[in-house]
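Chemist: Sequence:
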Amino acid sequence: GPFHEGRIIDLSYAAASKIGMLKKGTARVEVVAIDPREWKKSKRQRKKDKVAAAKASAAALAAPKAVAATLDASADAVITAAIQRQYLQVAAFKSLEAAQALQNKLLDSLLALNESANVVIHPSDQGVYRVRIGPFASTVESLSIKNAAGLKSFGKMHSVYE
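To convert, count from 1 in the sequence shown and add 78; that's my numbering.
Wrong hints could be hidden among the right ones.
[As the list claims (entries may be wrong)] Below, computed lysine-lysine pairings styled on DSBU-like, alpha-carbon distance capped at 35 Å:
#, residue 1, residue 2
1, K121, K224
2, K172, K121
3, K172, K102
4, K101, K121
5, K224, K234
6, K183, K128
7, K126, K102
8, K102, K230
9, K125, K96
10, K224, K96
[Unchecked claim] So the derived label-pair ranges between C-beta atoms look like this:
#, residue 1, residue 2, range
11, R124, P201, 38 to 44 Å
12, D203, A92, 42 to 48 Å
13, L174, V238, 36 to 42 Å
14, K101, V238, 40 to 46 Å
15, S90, R163, 34 to 40 Å
16, I86, S216, 40 to 46 Å
17, S120, S237, 29 to 35 Å
18, P201, D127, 20 to 26 Å
Simulated from the structure, these hints should not be mistaken for laboratory data. Just so you know, these numbers come straight off a predicted model, no measurement behind them. Cβ atoms here follow ideal geometry from the backbone N, Cα and C, with glycine treated the same way.
Take these sequences, add in the hints, and give me the full structure.
Modeler: Written as structure tokens, this is what we have:
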């Protein structure tokens, strides 16, 4: 904090929270200089790795599971909903490049919020590229992302199921 004898550096509240020093108020920290060129290169690589992981995850999750045809209609609807994957659709584009640009912006924003979520592009037969976050394990998880203040600038997100 700012009123301690011998203080060399004052951390932001967020930084203090991340290193677990809020209760005590002081801590020894190590300050390391970051080369901006190396940081940017590392950030680009992390983004590429995350996009590759998202594509692999989406491909693995894309295959729907079969449901027995002997179930009554209401049970069938419940099971169908249970096996579908929930996503938040952010936007849809006719241009793959525009979809990829939004995908990159979303990944940057999620990274800044310390959120780990996939951002995938779902192409359609009509030539539309849907940019979606997910899939989510629960509605609570999707609502957490949907209501994140750092993502409000992307507009209203809609829940979709596949």
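Chemist: Check each numbered hint against the structure and report the violated ones by number, ascending.
Modeler: 3, 7, 11 and 13
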